[in-house]
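Below are the chains, spelled out letter by letter.
2 protein chains.
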Amino acid sequence: MKEYKIAVVGAMGAVGSEMLKTLAQRHFPASEVKALDIAANAGKKVPFGDGELTVRETKIEEFRGVNAALFAVGDAISKELAPQVAATGCVVIDNSAAWRMDPNVPLVVPECNPEDLRWHKGIIANPNCSTIIAMVPLKPLHDYAGLKRITAATYQAVSGAGILGLSELSNQTRDVLDGKPAQPKVFQHQIAFNLIPHIDYFEDNGYTHEEMKMFREGRKILGLPNLMVNCTCVRVPVFRSHSEAITIETERELTPEKARELLANAPGVKLFDDPSKNEYPMPVDTSNGDLVWVGRIRKDISAPNSLTFWCAGDQIRKGAALNAVQIAETMAKMDIL
Amino acid sequence: MKEYKIAVVGAMGAVGSEMLKTLAQRHFPASEVKALDIAANAGKKVPFGDGELTVRETKIEEFRGVNAALFAVGDAISKELAPQVAATGCVVIDNSAAWRMDPNVPLVVPECNPEDLRWHKGIIANPNCSTIIAMVPLKPLHDYAGLKRITAATYQAVSGAGILGLSELSNQTRDVLDGKPAQPKVFQHQIAFNLIPHIDYFEDNGYTHEEMKMFREGRKILGLPNLMVNCTCVRVPVFRSHSEAITIETERELTPEKARELLANAPGVKLFDDPSKNEYPMPVDTSNGDLVWVGRIRKDISAPNSLTFWCAGDQIRKGAALNAVQIAETMAKMDIL
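As given, the protein sequences belong to chains E and P, one line each in that order. Under this note's numbering, the letters of the first sequence match residues 248 to 584, in that order. Under this note's numbering, the letters of the second sequence match residues 248 to 584, in that order.
Simulated from the structure, these hints should not be mistaken for lab results. Keep in mind that the hints are not guaranteed to be accurate.
Given that identical chains are not distinguished, each listed pair holds provided it fits within a single copy or across any two copies.
Below are the DSS-like pairs computed for lysine-lysine, each with C-alpha atoms no more than 27 Å apart in a straight line [claimed, not checked]:
1. K368 - K252
2. K427 - K524
3. K326 - K395
4. K368 - K292
5. K326 - K368
6. K427 - K291
7. K326 - K505
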């Protein structure tokens with residue numbers, strides 16, 4: 248079997264360390280895995296499988312002979328570094344928002360549009376986390392019934408803001424329980440026992456950039472330039488799984504029974520939909536797992552050809568690290584890595 | 248000024264004690280306020296204004312000469328007791344779900360349908376909490392543009408389950424932070440750092456009863472027998488304010504600017520909608536307050552004549568106790584109490 252040299256850039260972050268964990272757990276066929284990060288972290292150790300890797304500084308010469316680099320860095324660094332790395336012949340699989348809407352860059356959820364990987368020009372973009380988690384169940388429903396419109400309200404975990412987001416929730420929650428004032432640093436406001444309907448910056452149309460990602464990235468991933476999307480994104484005091492209340496309008500009728508049948512057989516989905524047993528997706532159950540759980544499937548009683556459901560998936564894994572690793576796996580299977 | 252004798256039934260509960268607090272805070276013109284509860288609580292003291300009241304056992308003779316009884320009890324008790332109390336000539340303002348859909352019982356949000364108070368036959372129903380909080384901003388928008396369809400996703404506080412819900416969230420959160428297992432008693436599952444898309448029982452159509460309350464009670468409050476409502480109700484780890492992501496389709500065009508103008512002048516509403524200052528409604532700000540805060544108002548880019556917004560309001564106050572007190576106040580003003 249062919250083996251690959253892989254680099255993870257931003258290996259000390261929430262997503263980067265999860266990429267390393269995921270590569271090891273899924274036995275990615277790697278002859279070498281490099282953990283790269285900023286100079287200040289060089290020499291530190293990060294876990295990898297049963298062992299550990301020594302972090303090295305991210306320098307362009309590190310990418311020579313590397314087949315794929317999984318980027319878990321901010322937009323600005325990616326914007327500068329990704330083209331340089333791609334120019335060395337190393338494919339960049341980038342988790343930032345820097346390249347997602349670039350027409351020369353495929354934006355891929357492997358369960359939805361793996362064929363788009365074939366036309367990459369050196370950079371492949373990993374979609375936004377809440378978008379990925381919606382797309383996994385939406386794709387099989389679209390293939391059957393034709394997706395026209397999505398109305399979504401998200402319940403997004405603090406892990407979307409990285410390791411500092413996770414510690415802010417736990418520390419601040421303890422403070423609030425102890426009667427101390429909340430001191431927001433990572434988030435705009437208190438997140439402990441609160442909700443913040445504001446993720447990423449506000450655009451001119453009143454939507455946040457996060458909300459417009461579902462609109463723009465959803466169209467690109469599903470290949471539907473006219474898809475209508477109305478999204479409200481809300482940060483909730485949950486650690487690492489995003490949940491979403493989704494209503495879809497379809498071209499053709501889609502009964503709840505048919506939707507369940509489609510989702511029971513869909514890749515990346517766990518159908519978990521038995522109200523009689525109090526079974527529906529919840530963050531505590533989906534965290535640290537690979538699948539997007541779907542439940543609460545019902546006919547939308549307010550409109551024809553409309554279906555409503557609830558889904559949840561781990562933000563760090565399927566929303567970021569796992570999806571990037573799956574892109575590399577899919578390219579390996581296609582023999583284009 | 249005319250003064251009234253008032254009784255609060257269930258005075259030791261989360262809603263009942265808030266009713267007493269609200270009556271005192273708002274200087275309800277009462278010549279006497281009785282705090283009634285189960286026999287086991289008789290003789291206990293409950294705060295009322297700067298002083299306190301001695302709780303008495305709920306017995307039918309307590310209601311003689313009382314003008315209005317605010318009921319904060321369960322459906323079964325209300326079903327039995329309310330007709331007996333109404334028969335004494337005391338108006339029952341009932342917070343349970345027992346009477347809401349009874350065609351002989353007005354279901355009233357004073358900002359929306361105060362005139363319905365005129366046709367009561369002894370019992371008046373207080374609507375469901377998440378329904379009230381949606382109706383307050385929806386009424387002025389409906390009056391202007393004609394409401395056709397509501398799509399809502401709720402983010403509901405634990406106070407909806409009473410005092411035990413509040414203590415379960417704080418105790419369980421501490422346990423989880425300390426690495427101890429969560430032990431759900433009040434809620435179906437862990438609520439600390441989790442979301443539960445399940446409030447009240449499941450109906451045959453796959454919606455929960457809570458979700459169908461928005462459908463059924465919304466139609467009755469707004470007097471719109473054909474209003475279409477699709478709701479997803481979710482319990483979130485927040486103490487006492489419900490929040491809601493709402494999208495409406497209207498008969499006529501309703502711009503965000505017009506909606507803001509209408510809501511700035513609407514009773515019971517605080518317009519709080521300035522993204523440039525990170526201003527939008529949040530549970531930490533609306534808790535212990537009387538108003539429903541509305542923000543994130545924007546044109547729904549996915550459909551014509553469609554508007555999206557976010558609102559939040561205190562579940563115990565406007566969602567229950569305050570609305571009941573406002574009903575009594577409104578009846579006093581109308582001179583029908």
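A quick look at each hint next to the structure:
Taking the closest pair of Cα atoms, K368 and K252 come within 27 Å of each other only inside a single copy of the chain (19 Å); across copies the shortest separation is 79 Å, beyond that limit. With identical chains, the CA atoms of K427 and K524 are at most 27 Å apart between copies only, with a shortest distance of 25 Å across copies and 39 Å within one. For the identical chains of this complex, K326 and K395 are neighbours neither inside a copy (33 Å) nor across copies (46 Å), given an alpha-carbon limit of 27 Å. Within a single copy, K368 and K292 get their C-alpha atoms no closer than 33 Å, and across copies no closer than 75 Å, so neither meets the 27 Å cut-off.
With identical chains, the CA atoms of K326 and K368 are at most 27 Å apart within one copy only, with a shortest distance of 15 Å there and 70 Å across copies. When the C-alpha separation of K427 and K291 is checked against a cutoff of 27 Å, the pair qualifies neither within a copy, at 35 Å, nor between copies, at 31 Å. When the C-alpha separation of K326 and K505 is checked against a cutoff of 27 Å, the pair qualifies neither within a copy, at 43 Å, nor between copies, at 41 Å.
The earlier numbered hints that this structure contradicts are 3, 4, 6 and 7.
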